[in-house]
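Start from the sequences, fold in the hints, and give me the full structure.
With the first letter of the sequence shown counted as 1, position 123 gets the number 129 in this note's numbering; the numbers rise by one all the way through.
In short, the hints are calculated from the structure, not lab data.
There may be inaccurate statements among the hints.
Simulated pairs of lysine-lysine, DSBU-like, Cα-Cα distance not exceeding 30 Å [said to hold, decoys possible]: (1) Lys125 <-> Lys53; (2) Lys223 <-> Lys192; (3) Lys125 <-> Lys112; (4) Lys223 <-> Lys112.
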Amino acid sequence: MPRITVLVPVYNGASHLGETLTSLLTQTYKDFELLIIDDGSTDNSVKIIESFSDPRIRVMQKENGGLCSTLNLGIQEARGEYIARSDQDDISFPHRLDREITVADKYPETLGVFAYNTKIGRKHSWANSDKLTATNCIRVYDPINDGCLLGSTMLVRTSALREIGGFRERYYPVDDWDLECRLAEKGQVLVVCEPLVAYRFHRDASTYKIFAEMQRKRYWAEDSHRRRIQNLPELSFEEYLIQLPGNIPARLQRRRLGLWKLHTRIAGQHLLDGNYLRAAVNLTAASVLHPIDISKRIGRMLFRERIPVTTSGDLRGATVEGMQLHPELPGSEHRSNTQR
Numbered sequence: 007m008p009r010i011t012v013l014v015p016v017y018n019g020a021s022h023l024g025e026t027l028t029s030l031l032t033q034t035y036k037d038f039e040l041l042i043i044d045d046g047s048t049d050n051s052v053k054i055i056e057s058f059s060d061p062r063i064r065v066m067q068k069e070n071g072g073l074c075s076t077l078n079l080g081i082q083e084a085r086g087e088y089i090a091r092s093d094q095d096d097i098s099f100p101h102r103l104d105r106e107i108t109v110a111d112k113y114p115e116t117l118g119v120f121a122y123n124t125k126i127g128r129k130h131s132w133a134n135s136d137k138l139t140a141t142n143c144i145r146v147y148d149p150i151n152d153g154c155l156l157g158s159t160m161l162v163r164t165s166a167l168r169e170i171g172g173f174r175e176r177y178y179p180v181d182d183w184d185l186e187c188r189l190a191e192k193g194q195v196l197v198v199c200e201p202l203v204a205y206r207f208h209r210d211a212s213t214y215k216i217f218a219e220m221q222r223k224r225y226w227a228e229d230s231h232r233r234r235i236q237n238l239p240e241l242s243f244e245e246y247l248i249q250l251p252g253n254i255p256a257r258l259q260r261r262r263l264g265l266w267k268l269h270t271r272i273a274g275q276h277l278l279d280g281n282y283l284r285a286a287v288n289l290t291a292a293s294v295l296h297p298i299d300i301s302k303r304i305g306r307m308l309f310r311e312r313i314p315v316t317t318s319g320d321l322r323g324a325t326v327e328g329m330q331l332h333p334e335l336p337g338s339e340h341r342s343n344t345q346r
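As structure tokens, this is what we get:
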């Protein structure tokens, strides 16, 4: 049996699927099966999949049922001890699986390993290097402080994914955030502070209506996480919306923050695509809605390449393949108060 099942859900992904599959089949780590599940594609996705003849590939086809049903089928059918997910248009760096399985083996009590990513557009790319507290460090995942991690970086025990019930459709499109919260509640999850995947930044939330729905679902998932920690029952989405503050100032504040996040996201998309004038328009709108945050973001963007990422004096301890161990992990001697 393969050590890892690399799970790729596919739906009309012909434009970038070949590049994604190539990045996975050329990994330096070789002990894996590549489970590709087509969710009723109507484009050339199946033909692209069939053009690859690697014996590690296993293909399944199903009627269109959505991303969650496709991922859950993959969890059910996986043969590997671990499942590594990759979306159909993201690019895994050659050492991704090797790096993640090394960390998982070093800390066998860990349920899963995630990593940072590099965002890519038509012309440019960037990694959120300002989030790093140490070069190539490993740290414990904290859902509330860290937020949602990119699903395409995950390497998680198959047994753990099955025990928590996989992805929950009712939380879509933030089902990955809900799963990561439940996984962290069950046991230790680690983050490799190094970009291991190139994430293709999309315009899939470029209207306020769609983006606002995503934000509401995100806050609902976070509320459910807090409730489970406090041994309280989860609220349904409708119950959660009802208990939100309904006064006009509170509603206006939520809308302001939603618009600020939307304009910031769209500005990032335009910058990655090289559309600087459009990016400036959205950054201007975002600065009106939240001037302090935007000034900080612009500063980080301008100086990201000029300011080296240094290792905090508190981040000492063991290493894993050149990576520094976060002080809160077993075997370390110091705690760090460095803010991410």
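Okay, the hints, checked on the actual structure:
With a C-alpha separation of about 28 Å, the suggested pair lysine 125 and lysine 53 falls inside the 30 Å cut-off, and the hint holds. Restraint check: the Cα-Cα separation between lysine 223 and lysine 192 comes to about 22 Å, which is no more than 30 Å; the hinted pair holds. Between lysine 125 and lysine 112 the alpha-carbon distance is near 28 Å, which keeps this suggested pair within the 30 Å criterion. A hinted pair counts as satisfied when its Cα atoms are at most 30 Å apart, and lysine 223 with lysine 112 does not qualify at roughly 35 Å.
Hint 4 alone, counting from the list given before, is not met by this structure.
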